[in-house]
Structures are given as structure tokens and as C-alpha cells.
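Chain B: place on chain A using the hints.
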Amino acid sequence: MSLLAVSNLTKNYRRTGKPVAAVDDVSFTIEPGETLALAGPSGSGKSTIARLVLRLIEPDAGRIEFEGSDFLVLRGAALRARRARLQMVFQDPLAAFNPRATVARVLDDPLRIHGIASRAERPRRIAALLERVGLAADLAPRAIHEISGGQRQRVAIARAIATKPSLIVLDEAVSALDVSVRGQILDLLLDLQRQDKIAYLFISHDLGVVRAVAHRVILLNAGRIAESGDARAVIDAPRSAIGRALVAAAPKLNRAKT
Amino acid sequence: MSPLRRFLRTPEAVAGAILLGALAAMALSASLLFPGDPQAIAGPALLPPFQDWSLPLGTDRLGRDVLAELFHGARTSLAVGLAAAAAALAIGAVVGTLAGFADGLVDEVLMRVTDAFQTVPSFLLALAFVSVVGPSLGIVVIAIALGTWTGPARVARAEVLSIRERDYVANARAIGMHPLEIAFREVLPNALPPVLAMSSVIVAAAILTEAALSFLGLGDPNRVTWGGMIAEGRTVLRTAPFLSIVPGIALVLTVLGVYLAGEGIVETTAVKRGLS
Numbered sequence: 001m002s003l004l005a006v007s008n009l010t011k012n013y014r015r016t017g018k019p020v021a022a023v024d025d026v027s028f029t030i031e032p033g034e035t036l037a038l039a040g041p042s043g044s045g046k047s048t049i050a051r052l053v054l055r056l057i058e059p060d061a062g063r064i065e066f067e068g069s070d071f072l073v074l075r076g077a078a079l080r081a082r083r084a085r086l087q088m089v090f091q092d093p094l095a096a097f098n099p100r101a102t103v104a105r106v107l108d109d110p111l112r113i114h115g116i117a118s119r120a121e122r123p124r125r126i127a128a129l130l131e132r133v134g135l136a137a138d139l140a141p142r143a144i145h146e147i148s149g150g151q152r153q154r155v156a157i158a159r160a161i162a163t164k165p166s167l168i169v170l171d172e173a174v175s176a177l178d179v180s181v182r183g184q185i186l187d188l189l190l191d192l193q194r195q196d197k198i199a200y201l202f203i204s205h206d207l208g209v210v211r212a213v214a215h216r217v218i219l220l221n222a223g224r225i226a227e228s229g230d231a232r233a234v235i236d237a238p239r240s241a242i243g244r245a246l247v248a249a250a251p252k253l254n255r256a257k258t
Numbered sequence: 001m002s003p004l005r006r007f008l009r010t011p012e013a014v015a016g017a018i019l020l021g022a023l024a025a026m027a028l029s030a031s032l033l034f035p036g037d038p039q040a041i042a043g044p045a046l047l048p049p050f051q052d053w054s055l056p057l058g059t060d061r062l063g064r065d066v067l068a069e070l071f072h073g074a075r076t077s078l079a080v081g082l083a084a085a086a087a088a089l090a091i092g093a094v095v096g097t098l099a100g101f102a103d104g105l106v107d108e109v110l111m112r113v114t115d116a117f118q119t120v121p122s123f124l125l126a127l128a129f130v131s132v133v134g135p136s137l138g139i140v141v142i143a144i145a146l147g148t149w150t151g152p153a154r155v156a157r158a159e160v161l162s163i164r165e166r167d168y169v170a171n172a173r174a175i176g177m178h179p180l181e182i183a184f185r186e187v188l189p190n191a192l193p194p195v196l197a198m199s200s201v202i203v204a205a206a207i208l209t210e211a212a213l214s215f216l217g218l219g220d221p222n223r224v225t226w227g228g229m230i231a232e233g234r235t236v237l238r239t240a241p242f243l244s245i246v247p248g249i250a251l252v253l254t255v256l257g258v259y260l261a262g263e264g265i266v267e268t269t270a271v272k273r274g275l276s
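As given, the protein sequences belong to chains A and B, one line each in that order.
Using the numbering used here, the first residue of the first sequence is number 1, and each one after it goes up by one.
Using the numbering used here, the first residue of the second sequence is number 1, and each one after it goes up by one.
Please keep in mind that the hints were generated in silico from the structure rather than gathered at the bench.
Be aware that one or more of the hints could be misleading.
[Claimed, not checked] To give a feel for the contact side, a few chain B residues facing chain A, derived at Cβ under 8 Å:
#1 Arg6
#2 Ser29
#3 Ser162
#4 Glu165
#5 Arg166
#6 Tyr168
#7 Ala170
#8 Gly176
#9 Met177
#10 Glu186
#11 Pro189
#12 Asn190
#13 Leu192
#14 Pro193
[Stated by the list, open to error] Beyond 10 Å from chain B on every Cβ pair, some chain A residues (computed):
#15 Arg75
#16 Ala127
#17 Ala143
#18 Gly229
#19 Arg239
Here a beta-carbon is modelled for each residue, glycine too, at the ideal position from N, C-alpha and C.
The shape of chain A in the complex, shown without the other chains (with noise of 0.2 Å):
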């Protein structure tokens, strides 16, 4: 049994009238433990799909199966209950946070909000989310503005996962990341994977990447599936014209060498 099926996904926005469809009829599955990245041109509804399967816009046509059972009907408590085992991480960490948070706050919220720890407990737990996403516990005070990007991105990642959710939505986690940076990051995720189980989907532009991290990619165009299948096969080798020109347009390092 997969943990997310998406069946025939469609969200239409108006636009001066006009619908435009953002997703159509878009249909994947996710494995326990797996990552599947989707990737495509701005505007290819990456974006959007992440915000479906989060519920935090409602899809206009489709279904989405989470652990086995219908996402879509769940509504007021039972829908916040269950967020906690779907969890998200968002590009820019400084516009994810609200400005006047501390880490302990943004850290302390999803354990009060769903009761795993009592108001005692709560500082242990924090100072162990913390080290468990490689800060130090003596962030916790700390204002959210007042640390650097990268640490706050962990802490992006420690508060997804201090609710033990089984799939973690990446929204370009790493794309507004600097590129050392983006590395270390990115072997968080992975660890944490392997020790948890976590799920990811994976969302971002960057083929190379994605190649790198994801287990499955679907590339999308204009809100449909362009093509999907293994990352490694689909990035190496594209079938099709979006696969060709986002692959040609990846920018390569090793390209000066040849």
C-alpha cells in the first residue's frame, strides 16, 4: 500500500476570468521511505501540487489517499490532527517563521499543538530536536531573525520533524540555501530518511539535484505529467521535449573539463 496516492489531481485558478488549469489531472504515488522529486519550469505547478497535498488550498477535482485512507474528507480537528504526520518545509526559512519568533517557540508549537510533550517536558524535547538537526541547544532563546539561513533551515526541519510525520513536503528546501550550505542540508534529509523512514516530496528545479537525492522524478509541464521514472534513467537519458531542455538548461560544472 503506497502512503500518498494522488489520483487525477486538478486545480484551475481564474485569471481575468479565464480558467487556467495549474495542475491537471496530475496522478503519483509515494513509497514509505521513498523521495520522489517533482521538477519543472517556473510556473509548471510544482508549487501548487505541494499546496494540495498539504491541504492548504483545496483541489477543484481529484483524490488524495494518505496512510490508507481518503485525505480530502477530513475537516476542522481531525484534519489538524492528522497534519502532524504530514509535514512541510518551505524555500525561504525567514518568510516561513513569523518575524517575531524565538527557535524555542516555532519548535515548541507542533509539540504543544499536538499534545506530545507536556509543558514540563517541552525544553527537553526542544534542546533534542535541536541536536538532532545539528544545533547547538543554546539556540533555543535565540529571535529567528537573529540566525544565520542555514541554521535556520534546520530548524525548518526540526520543527517538520517533531511531529514524527511519515512524509515530509520539500518545497525548494534548498534552493534559496548557498551551496555548501545546500550540501550539508541535504545530508540531514538523507540521514534522517534512512533513520525514520521519512518520506519526501521533493520539489525543486534543480536536476542535478534532484538526481542526486530523489528515487523517482516526475517532470511536469504547464500543470500536467511530462514524463516520470527513475531519477537517475529519466535525468540521464529525457523522452521528452520539457525532460531535454530542462536537462540542457542544468547548468554543469564539468562541462569546462571536456
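Okay, now just chain B, sitting in the frame of chain A:
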């Protein structure tokens, strides 16, 4: 440069702060300098100012000490002004946040209620409310707040509409936070600065409205108010104009002080934002 330093470098802010400080000092020292009932008879009736130095600003028609009344009146003006503004800002911020965040029917209903309040002149609303419920300090505060919360509500809603599209609100939803907690803990605190910038205008308007209500005899009858003093002096305006002029000047200086200090604060925070 510290915000206080910057505040003190703007001359109008300093003037406003001095005026407000004087007002606060008057209000706080009223019962120390003039113990007892300010409405008790202290000397001969209609004594002009600067004649008897135990009654420096003279006495009114009933022989009450004008200076004592002025000090005790400062208390009422300040209390009503601050309380009404706080109430208006609180109501406005909550209504605006709910309307902006809830969307759909709730937004529609709340904003039509806001429209309804906004179409009625706020002074008429206060007048009607006080004359129906009866004059007392608390009622006057509520009456003024009823007419002034709509401005803050609109500003708060506009701010919330932009904030709720930010990633951190989506993030709060994604971790399963309750919508009310998102609205009041994540969104409202970040929507407050432009709402608070309106506070000086609202305090000044509230002080004037209170004075106007008192002038019309709808103030709290057990308290001395500047508006009441002006009304009291009106009957002897030709023979003893100082009875209306003295509280009138006090009112002008107070409103001016509130405006200037508020302007200074807005200016100071604006500069701070520009730099950061």
C-alpha cells in the same frame, strides 16, 4: 541611535511630550494638591483670576475653585481619552483580524456591521447611547469607543489580508494550529503597528468627544470635566469669560499635545524601519 534619543530630537515630539507630561502630572497630583471635593464651595462667587492667590484662577458661579476643577478635570479627560482609545483599538483590531482572516461570510457580515457603524456620525452615536443608558464615566467610554473602532478595524483587516498570504501562516496551518490561534497569535501581533499609529488621533478625538458630551450635560455628573466647566461658564460668558476660556485652553493644549507626541512616535518608528 536609540529610539528615545531620536524621539527627543524632533521638536514637535518634545513639545507634545511636555504637554502630555504636564497633563499627566496635573491628573496625578490633583488629589494631593487639591484634596477634598473640587465641587465644594471655596470662596466668593465669580472671583476673577489672579486676584486672590489662594484661588489663583478665581472661582465660578457657585464659588468653586477653578484651578482645583481644572486639575480634577484633567483626570477625567485623560482617563476617558485613554480608556476609549484602548477600547476602540481593541475592538477594531479583533474585528478587523477576524474579518480579514475568516474570509467569506464572516468577513462580509463583520464589514457590513463596520459600514453601518461608520455611516452613523460617531458623535450622534455617542449622544444617543449616553442619553439612553445614562451618563457615567464607563458609559461615556463605551459610547466613544462605539463610534471610533471602525477606523482601526479597516486598517487591521487590510493588514491581515496581506499577512495571511505569507508563508509563516501557511506553515502554522501545516503544523495543525487552530485558526483562532493563527489569527490572534501569528497574524494579529504583526498587523498591529499601523493600527497603533492611529492611536494618537483616536485619543485626541475621544478627549474632544468627552468634552462635547459634558458640554451638553451628558458627562458623568459626579466628576468635574472640562466640557462641563465650559458649559457652566457659558451662562456668564459676558461677565466672566475666563470660566469658559481657561478649560478651553486646557483642552486645546491637551489635544495638541496628544497629536504632537503621537506624530513624534510615528515619525520615530518610521525612521527606525527605514534604517533596518
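Hints, verified against the model:
no.	hint	in the structure
1	Arg6	violated, 22 Å
2	Ser29	violated, 38 Å
3	Ser162	violated, 13 Å
4	Glu165	violated, 11 Å
5	Arg166	holds, 6 Å
6	Tyr168	holds, 5 Å
7	Ala170	holds, 5 Å
8	Gly176	holds, 4 Å
9	Met177	holds, 6 Å
10	Glu186	holds, 5 Å
11	Pro189	holds, 6 Å
12	Asn190	holds, 7 Å
13	Leu192	violated, 11 Å
14	Pro193	violated, 11 Å
15	Arg75	holds, 12 Å
16	Ala127	holds, 19 Å
17	Ala143	holds, 13 Å
18	Gly229	holds, 29 Å
19	Arg239	holds, 35 Å
Of the numbered hints given earlier, the model fails hints 1, 2, 3, 4, 13 and 14; all others are met.
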